[in-house]
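Going line by line, the protein sequences match chains A and B.
Its first residue numbered 610, the first sequence is counted upward by one per residue in my numbering.
Its first residue numbered 610, the second sequence is counted upward by one per residue in my numbering.
No lab work stands behind these hints: they were computed from the structure.
Keep in mind that a hint or two might mislead.
[Said to hold, decoys possible] List time: in silico SDA-like cross-link candidates among lysine to any residue, alpha-carbon distance up to 25 Å: (1) Lys-710/B <-> Ser-668/A; (2) Lys-747/A <-> Gln-644/A; (3) Lys-660/B <-> Gly-717/B; (4) Lys-647/B <-> Glu-715/A.
Protein chains: 2
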Amino acid sequence: MNKIVNSIKALAALLSGGMGSTLSAQVHYPEGSQQVFKGPEQYFSGDVQVKMVFPENPSAHYSGALVTFQPGARTAWHQHPAGQHMVVISGTALTGTRDGKVIRFEPGEAVWCPPDLDHWHGATQDQAMQHLVITGSKNGQNVIWKEKVSAAVVGNDSAMRNQDE
Amino acid sequence: MNKIVNSIKALAALLSGGMGSTLSAQVHYPEGSQQVFKGPEQYFSGDVQVKMVFPENPSAHYSGALVTFQPGARTAWHQHPAGQHMVVISGTALTGTRDGKVIRFEPGEAVWCPPDLDHWHGATQDQAMQHLVITGSKNGQNVIWKEKVSAAVVGNDSAMRNQDE
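Next comes chain A alone, as it looks inside the complex (with noise of 0.2 Å):
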């Protein structure tokens, strides 16, 4: 009841948003407030659980989801119309670009992939790890799937440490 009652409150404070006005309140999104999913075989490789921390607004033209990885766990390659921030939470994360390129960060460490560049991120092979990703919309849109990643795009961790450091 208390979470309908929220989502009302948001959806409201939302529409009155949308219509130009000042909102007058904060808006608390709750624990089981928002989606979680696990993420579909046709864009993930490995164990990968999604969940919305936040939703884009009139305002802000952004979502925040907290997406853990099981070791070995991926996404397909895809790129975000606005660009997209990560920020790890736990574990140490990987992502990677059409050129080779593998960035490899932890805790407390952010990469921005900017607008309609291909890449993927996970996790290492023996370790989960946790992100914080923070997803621009452009028109209402906030990604464009693609194949999924090999294992020989990803290669093994100690072919991975950060080839800019």
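Based on the hints, put chain B in the right spot on chain A.
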């Protein structure tokens, strides 16, 4: 040296983005590359550490920071011209508005503070709190600071259960 090289790369990427070209590479903000500072006495009560995680850029007009409040610590009253999302990482967060409403939120939960609304945020009396704030920017400004929050406004923990749940 690596930090300097990374900073130059990040700057170059931002500059090229600012000139309207598509970025060709992801940008890593490694540990130590972003500003870390103690929350200044003028704007904070108690012991607060602010650690920037990522800066705004030409495609994403918002920055990210991990802010850690020791027990009882809090911000002064302030508002954000382009709003702010707060996502709790550890501990229990409190945030209040001029109407006297205080929202209490937990790890994995978020609160959206709409543009131009006075609020404060901080830890409970008995526990440290860390949250990741994603703060929008409008015409280069992301915060307007006001007076400090009195202890009477904050009250004590037992009076601060969520009033909307």
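Right, here's what the structure says about each hint:
{"no.": "1", "hint": "Lys-710/B <-> Ser-668/A", "in the structure": "holds (22 Å)"}
{"no.": "2", "hint": "Lys-747/A <-> Gln-644/A", "in the structure": "holds (21 Å)"}
{"no.": "3", "hint": "Lys-660/B <-> Gly-717/B", "in the structure": "holds (19 Å)"}
{"no.": "4", "hint": "Lys-647/B <-> Glu-715/A", "in the structure": "holds (22 Å)"}
Going through the hint list in order, the structure satisfies each hint without exception.
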